[in-house]
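The working numbering applies: residue -13 is where the sequence shown begins, and numbers increase by one.
If you are wondering where the hints come from, they were derived from the structure by calculation, not from laboratory data. Treat the hints with care, as some may be off.
The following label-pair restraints were derived from C-beta to C-beta distances [what the hints assert, rightly or not]:
hint: 1; residue 1: Ile186; residue 2: Asp64; range: 18 to 28 Å
hint: 2; residue 1: Ile(-10); residue 2: Lys177; range: 10 to 20 Å
hint: 3; residue 1: Lys22; residue 2: Asp55; range: 24 to 34 Å
hint: 4; residue 1: Asp68; residue 2: Leu170; range: 16 to 26 Å
hint: 5; residue 1: Lys22; residue 2: Leu176; range: 37 to 47 Å
hint: 6; residue 1: Pro17; residue 2: Lys189; range: 46 to 56 Å
hint: 7; residue 1: Leu170; residue 2: Lys26; range: 14 to 24 Å
hint: 8; residue 1: Lys26; residue 2: Lys177; range: 17 to 27 Å
Below, a list of computed lysine-lysine pairs in the DSBU-like style, where the Cα atoms sit at most 35 Å apart [unchecked claim]:
hint: 9; residue 1: Lys26; residue 2: Lys109
hint: 10; residue 1: Lys109; residue 2: Lys125
hint: 11; residue 1: Lys40; residue 2: Lys177
hint: 12; residue 1: Lys(-8); residue 2: Lys109
Where a beta carbon is used, it is the ideal one built from N, C-alpha and C, also for glycine.
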Amino acid sequence: VAIIGKAMGPWTLGYNGFGVQDFLMKTILEPDVIRKSLAKLGEISVMFANLQVKAGADIICFPDHATGDLVSPQMYHDFLTDLHKQLTPRIGAPLILHICGNTVKRSRWFHEEGFDCFHYDTKTDLHDLIETIDHKNHKISLVGGVDNPQTLLFGTPDDVKKQCFEVAEAGVEILAPECAIPLLTPNKNLKAIREAALEIMEKN
């Protein structure tokens, strides 16, 4: 069984340190302050990730929530692409980037930033995402595909399996909930993800 650790990226830590609204305002009014802060916060991300690797984590999930709902693709590129390139080689495990929301227009940079896998939100059009990240050339793997607020929380195991089969057919390699699992999600729906994965492996 793989042990997946989790270390928040500098942008996410910035939200928590400044408050989302103040942080985003400063990216416009005081961009140099934000760049210096992100560099320092990135050191925390690397340190915490490597402590988890040292403790036995096989993989690190790296949520950095520069979501399309709040941040333009250009802002993402200007503030984070080079910083991610500096941070990722210093973490001693494969890395899964996670960003909530629609991420198609920033996904072109994920591979060059050094991430091995992208955990996507179902708000993102999967076919557009696959085309944008050049998935056919296996530059970066995809994890996710199961809608949380509808399919997992209110659907049936058959609904979950159907969604798993669809995204696997499209090219998603690792089936998973799209983000944090609602606490009232039925266990049978979570188990259906594993059952679907086993059925897919048997067919292949």
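Do the hints match the structure? See the list:
no., hint, result
1, Ile186 - Asp64: 18 to 28 Å, "39 Å, violated"
2, Ile(-10) - Lys177: 10 to 20 Å, "18 Å, holds"
3, Lys22 - Asp55: 24 to 34 Å, "25 Å, holds"
4, Asp68 - Leu170: 16 to 26 Å, "41 Å, violated"
5, Lys22 - Leu176: 37 to 47 Å, "42 Å, holds"
6, Pro17 - Lys189: 46 to 56 Å, "51 Å, holds"
7, Leu170 - Lys26: 14 to 24 Å, "38 Å, violated"
8, Lys26 - Lys177: 17 to 27 Å, "42 Å, violated"
9, Lys26 - Lys109, "31 Å, holds"
10, Lys109 - Lys125, "22 Å, holds"
11, Lys40 - Lys177, "30 Å, holds"
12, Lys(-8) - Lys109, "22 Å, holds"
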